[in-house]
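Asker: For reference, the chains in residue letters:
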Amino acid sequence: MDYINIQGDENTIIRELSNYMNQGGAKLIVQNLSSFMDVLGDDEAFDIKEEIQKQEDGLGFIVPRTNYYLNVKKTTIAFIGLLFDIQFTKGFASFVLDILGITADKIRKLTDIEKCVLLLIRTGSITISSGGYVFGSTPNCMNFALGCTYCQYDRCHLPQEVLNDTVQKLLEDKVIRCKDNSLVCCF
Amino acid sequence: MGKNSSEKEKILRSFFGEHESSPLVLEPDKFFLLKKNGILDADVMLQLQSEVESMIGDGCFALIDREEVNAFAMEKDGIPVIALYAGAVKKILCAASVLMLSDAFLPEVGDMAACYHDISSDMCTLKTNDEKDSVLKMTVSGDPCRENLGYMIACLAIHFVVYHEVGHHENGHVKKLKEKYNLYYSETPYTWISDEYLEERKRMELEADMYAVDMLIEKIDSLMESWSKYLDMDITYSEMFQLIVPALVIVKESLPTEVSRVEEIEKSYYLPNIIRISIIVMVIASQPHIKNVVYPDILELFTENEEFRVQFEELYGIKVFDDNSQLTKEAYEKYYSLMIADTEQLYADIFVGNHLRTTFLSDVKAMNWFLYQYK
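Listed in order, the protein sequences are those of chains A and B. The first sequence maps to residues 789 to 975 in my numbering. The second sequence maps to residues 186 to 560 in my numbering.
Any given hint could turn out to be false.
What the hints assert, rightly or not - Distance condition first, Cα-Cα at most 25 Å in a straight line; then the derived BS3-like pairs of lysine-lysine:
{"id": "1", "chain 1": "B", "residue 1": "LYS519", "chain 2": "B", "residue 2": "LYS452"}
{"id": "2", "chain 1": "B", "residue 1": "LYS261", "chain 2": "B", "residue 2": "LYS361"}
{"id": "3", "chain 1": "A", "residue 1": "LYS837", "chain 2": "B", "residue 2": "LYS404"}
{"id": "4", "chain 1": "A", "residue 1": "LYS837", "chain 2": "B", "residue 2": "LYS363"}
{"id": "5", "chain 1": "B", "residue 1": "LYS220", "chain 2": "B", "residue 2": "LYS363"}
{"id": "6", "chain 1": "B", "residue 1": "LYS404", "chain 2": "B", "residue 2": "LYS414"}
{"id": "7", "chain 1": "A", "residue 1": "LYS957", "chain 2": "A", "residue 2": "LYS894"}
{"id": "8", "chain 1": "B", "residue 1": "LYS360", "chain 2": "B", "residue 2": "LYS261"}
{"id": "9", "chain 1": "A", "residue 1": "LYS837", "chain 2": "B", "residue 2": "LYS414"}
Honestly, the hints are just simulated from the structure, not real lab data. Since the structure is predicted, the reported quantities are computational estimates derived from the model, not experimental observations.
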């Protein structure tokens, strides 16, 4: 499995990620990756450390340097990029097509709520129970569907009916599948 | 009298540390190889340098030969310094030139046949000199009118960034922080920094922004005069306002992400970028001499286009005209807010590839935070 391993300040991360997508998209990923930490696997990491300015004879008003450490699978970056509908470079687009096939395009075209539910499935927050789909416990809001009325105190309160319909749609689109009585992504 | 190159090099080298091997300081006329255009070229940068150095009193303004997108104000051995990174200048110029290549930006201005539909950032046309990576030229489709507008936008953006740093010196921030706080370069968890320091830094950054706005408003007249003279055409406040908004959007989008990461707003030195530029645009739009020109222009737009006015009123629930058939305050504010939003969407279309709502997650969170915090 290919990993993207980058360490450095924001410019460095964006520059390296620009090998896979356009620069604005790379910046968007960097801006939002910390919101999707739960999506990362145990073998992946995204760490942020601020460097505070030293003052001796003068204090520079440099924006505090933030050091990033990124070690994520290419498929994870592809997944987040698809959710944000970012344009990939030709090479990375081919890679994504090889791995995900037409599912890639389907992910791009999902609605905000469907993308949110997909993220919840990816983080293991939704399980199969008694023929339906339920939250294991009230999950944190993924903050993906802007202005979502089901978000209360940063928790997801998606009604059962909406959850069932959305999961069903994702199953029909073959974006997810059932495996051993749980839901998994098809990639 | 300003410092020469080698004096500036010495000052900055001692600030950055001896491990920097390649020269730090670029002279504007060695870096700005853009052809003389009267808007943004070596002469204009030298003028800005001279202006800034006289403002900060026996200080120096330096162009740093590094690709970072940043600028800073500092003091070394009692000498006030303002520095602007070459990376920042290039990014601003590139963004301005690509915007002008888009047929969705300022349509009907210049030769639209020279523009592109659905342009992407891959078409950045900033060509640099291979040897020193200086800014050689900015190619804008061969249409001189749109090329000039691109230079104007970039010029305004660069002036704002530099004036912001001047603002730190003029407001005594650099001296104050030196006396009051003492911090060290290290990888330190946020918890180490006091809330008092963070609040003070946020206030200082806002003061620097407001200083930059005041300077830009003062500068608009002289820029309009010199551009009008050079290009042999009249430039109005309305037109300048239409250029300032994209200039500020470019500055916002060029700034490092760390100042806009919403989860860390409380711990950031800055208000989120979307809040910063919204406040700045509001201050500029509120200036009486600018309002006196922009108001009637927007009024005329709504008067001549009934369908647009009706759609506007229905969509935003705002009455455009008051009982005296004058533009309402709400309509004016909404209109210039939409100018920011439209430019942001276009920027996202070009540089991200879409303008989905999720593309603006950070901005929306920032605005919600701001409204909650300051309601």
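Asker: Now, for every hint given, state plainly whether the structure supports it.
Answerer: Tested hints:
Restraint check for B:LYS519 and B:LYS452: not satisfied, since their Cα atoms lie roughly 31 Å apart, outside the 25 Å limit. For the hint linking B:LYS261 to B:LYS361, the alpha-carbon distance of about 14 Å falls within 25 Å, and the restraint holds. Between A:LYS837 and B:LYS404 the alpha-carbon distance is near 39 Å, which puts this suggested pair outside the 25 Å criterion. Annotation: proposed proximity of A:LYS837 to B:LYS363 holds, straight-line Cα distance about 24 Å (limit 25 Å).
About 41 Å separates the Cα atoms of B:LYS220 and B:LYS363, which puts this hinted pair outside 25 Å; it is violated. Among the hinted pairs, B:LYS404 with B:LYS414 is consistent with the structure: their alpha-carbon atoms are about 15 Å apart, no more than 25 Å. Annotation: proposed proximity of A:LYS957 to A:LYS894 holds, straight-line Cα distance about 11 Å (limit 25 Å). Between B:LYS360 and B:LYS261 the alpha-carbon distance is near 11 Å, which keeps this suggested pair within the 25 Å criterion.
Between the alpha carbons of A:LYS837 and B:LYS414 the distance comes to roughly 50 Å, so the proposed pair goes past 25 Å and is violated.
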